[in-house]
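A.B. asks: The listed protein sequences derive, respectively, from chains A and B. Residue numbers for the first sequence follow the working numbering, beginning at 6 and rising by one. Residue numbers for the second sequence follow the working numbering, beginning at 6 and rising by one.
Hints in this document: simulated from the structure, not taken from any laboratory. Incorrect hints may appear among the rest.
Only pairs whose alpha carbons sit at most 20 Å apart, straight line, appear in this in silico EDC-like list of lysine to aspartate or glutamate [said to hold, decoys possible]: (1) K369/B / E311/B; (2) K84/A / E356/B; (3) K358/B / E311/B; (4) K93/A / E332/B; (5) K93/B / E332/A; (6) K65/A / E332/B; (7) K93/A / D352/B; (8) K72/A / E46/A; (9) K93/B / D352/A; (10) K84/B / E356/A; (11) K84/B / D312/A; (12) K144/B / E130/B; (13) K65/B / E332/A; (14) K84/A / D312/B; (15) K84/A / D352/B.
Chain A is nowhere near these chain B residues, computed Cβ spacing over 12 Å in every case [to be verified]: (16) A52; (17) K75; (18) K93; (19) P110; (20) A135; (21) L169; (22) D234; (23) K269; (24) V341.
All C-beta atoms in this analysis are idealised placements derived from N, C-alpha and C, irrespective of residue type, glycine included.
Protein chains: 2
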Amino acid sequence: MFTILPLKNGLDNVAGFFTQGIHAGFKPNGKEDVAFIRTDEPCDVSAVFTTNVFQAAPIKHFLRYPKGFKTNFILMNAKNANAMTGQKGIEDIDILFDKLGLSYPKIQNPIMSSTGVIGYRLNVEKIALAFPQFDFESKNSHSTASAIMTTDSFKKEICLKVELENGEYFHIAAICKGAGMINPAMATMLCFILTDANISKADMDELLPQAVELSFNAVSVDGDTSTNDTVLLLSSKKSNAYNKEAFTQALNLLTKELSLMLVKDGEGATKVVAFEVSGAKTLEEAQKAAKALSNSLLVKTAIFGEDPNWGRIASTIGASGITCNEETLVIHYDDVLIYNANQRSLDAQTEQKAAAIMQKASYKIHCALGIGDFSFTAYGCDLGHEYVKINADYRT
Amino acid sequence: MFTILPLKNGLDNVAGFFTQGIHAGFKPNGKEDVAFIRTDEPCDVSAVFTTNVFQAAPIKHFLRYPKGFKTNFILMNAKNANAMTGQKGIEDIDILFDKLGLSYPKIQNPIMSSTGVIGYRLNVEKIALAFPQFDFESKNSHSTASAIMTTDSFKKEICLKVELENGEYFHIAAICKGAGMINPAMATMLCFILTDANISKADMDELLPQAVELSFNAVSVDGDTSTNDTVLLLSSKKSNAYNKEAFTQALNLLTKELSLMLVKDGEGATKVVAFEVSGAKTLEEAQKAAKALSNSLLVKTAIFGEDPNWGRIASTIGASGITCNEETLVIHYDDVLIYNANQRSLDAQTEQKAAAIMQKASYKIHCALGIGDFSFTAYGCDLGHEYVKINADYRT
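Build the full structure now, drawing on both the sequences and the hints.
C.D. replies: The following block contains the structure:
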């Protein structure tokens, strides 16, 4: 048995980590745009990166380190992705860390993480000029969460305290910035997860990809996969406590909550919809159909328009390449039956009920395929005028 | 040697075919909404249908006929797709043709083709009431092209006359209504191609799918594949002329022109962009990358915003799952070099040139991968406010 409790102030709760965001002069509104996370002793790190072939320079820089390396420093910046910058982009990071070493000589195997526009060299001088502002003993999660924001409309921070049966406890906390399919202007999702649990590197490497699959990968797959997507998990091991089942649950809860925050903050989004596909032949097919729904332009615009046009739902399922049958398909919006083989047209009363559900800020569209035993839920949002406005001229 | 000449008045030029569209009371604006195409003698027909598992009733009705069947009648209707209507949807078509037989008893193996909203039964009575309006000796391509329109803003008709070296000639003509990815509200693309060439059924079956692959499938693949997509080719063989090479070229030209009309008429579209991917490892990879570009929301909104943000182009290529390398990639907008390994950032002058190109109604974005020898061009359009407006409440 164990208990999971939410705590305020995000990363600040996790023993052994220090963090701060500062304004280095990149965001015109004067907000934080450069930040660090550090530990005293180098610690284990697990990572999941973008599947985009054109990985950004910070990711290539990370991948130069030998497998199983330990780090005591992450530097983050917003407004410039340092992507498509070639060898020079990697060298810029080395130069930057050489300069950082002058302010803070203890850095070992430092990691860089960037988000912003693709195709521009990093302004190394400008970032370096801001280093003297850093207070390396600071614990200031809010400022760091703010520093990695781009088109995000709110900070994404979360901390969970896990209490084990024997009275011992550990923390797991994260900050994140929003992208994925629901917020692809930035085309970057960055997430930094810190824990003081006494977790092994092997467990970190096993549990992180699983958590990402169920959370970020359920909201962010749309072919606009960024060059910079990064999820890092670092462990200070400052607590003696650890329990694999408890950690797994807490990690999955944390990443799920963060991914829902991403959808909620989707550019111009007004609604969050859970697309549950059940009764699929395989898990892969359930996933494929659920993601097809959350990615369909026609579905997204129908959700924006609050139009109970279930034909678009059915058509998207049918086109998704999975095994399905219009005789066994059953569609619900929340608890209202919308379609089955015996009720193929909406009567006026059902249409009214469906329309009422679609006016809510969040609801579920459930497609039971009636073929097999597998389920998957993907999360999506609507696509409205605001999305077009934000994305039509992102760089300015 | 042969000559291909465009002619006016679409289907009317093709010997042996009669066609007419009438208003049966479905379109509120009084425009044509039901139409026929017929021949005196039953003729060969080749078909390409949607890959959507939930094929609409008219397609299932067609597929009940034995392979190689001949037909002398196509009936079309707009406003109702007769999709997701089950066995009843197919029976409705049989009932409708029984009623049609009362006005025109010569029908043999009639084909139905529908476009409109999914999930409603056909109004058989209302369509049948309009049959007496049909003039079965009519040759009126315009009215038929009009009858199959839904959100299309202009009629799509084309006729080519192919003159062979020996002085013989044949015609190939088509009408089409617009959908595919660029116009997916309707979620239907219908195309009827008629010819009087003396073509064998075997050649029809060979050449039609090839033509579709190079044309409609280069503009319409976006996961919103309709339940009703249909391309039919019918031959009256009233001309003695035929030459396989000439027919192939004319058919490819015709379908290519029609598919460009579809893109141009994309809902709310203001620009048509050709996405050429060359130097790919395989044809499949070239196709995959080109279609990824034409389908990307980020690319489409950048085109709408006339923002020369080539990072989105590169990122989409990198995420498309193909073999590529940022060191060998070269991007051009028309003839302006935008990116290569030696020119990774846009200087002010190039940015200005790129912006000027993006203000044009049509231009080309060319990505040379520098990996292999295969090329593919996909056509897409921008996504702006008008698209959202049209699709947010399509049914009303």
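A.B. asks: Per the stated criterion, does the least C-beta distance between P110/B and chain A lie above 12 Å, as a non-interface residue requires?
C.D. replies: 32 Å, holds
A.B. asks: Holds or violated: K93/A and D352/B, Cα atoms, limit 20 Å.
C.D. replies: 17 Å, holds
A.B. asks: Hinted pair, alpha-carbon criterion (20 Å max): K93/B, E332/A. Please report holds or violated.
C.D. replies: 12 Å, holds
A.B. asks: Measure nothing beyond the straight line between the CA atoms of K358/B and E311/B; if it is 20 Å or shorter, mark the hint as holding.
C.D. replies: Since the Cα atoms of K358/B and E311/B sit roughly 12 Å apart, the hinted pair holds (cutoff 20 Å).
A.B. asks: Looking at V341/B again, its CB stays over 12 Å from all of chain A?
C.D. replies: 15 Å, holds
A.B. asks: For the pair we were handed, K84/A and E356/B, check the Cα-Cα distance against 20 Å.
C.D. replies: 19 Å, holds
A.B. asks: Using Cβ atoms and 12 Å as the threshold, tell me whether A135/B really stays out of contact range of chain A.
C.D. replies: Label holds. Min Cβ-Cβ 22 Å, cutoff 12 Å.
A.B. asks: Between K84/A and D352/B, is the straight-line Cα distance small enough, at 20 Å or below?
C.D. replies: 18 Å, holds
A.B. asks: When you check the alpha-carbon spacing of K144/B and E130/B, does it fall within 20 Å?
C.D. replies: 26 Å, violated
A.B. asks: Need the status of pair K65/A, E332/B: alpha-carbon distance at most 20 Å?
C.D. replies: Holds, at roughly 14 Å.
A.B. asks: Please verify whether K65/B and E332/A have alpha carbons no more than 20 Å apart.
C.D. replies: 14 Å, holds
A.B. asks: Keeping to a limit of 20 Å between CA atoms, is the pair of K84/B and D312/A held or broken?
C.D. replies: 17 Å, holds
Violated hints, listed in ascending order, are 12, 18 and 22; each of the other numbered hints is respected by the structure.
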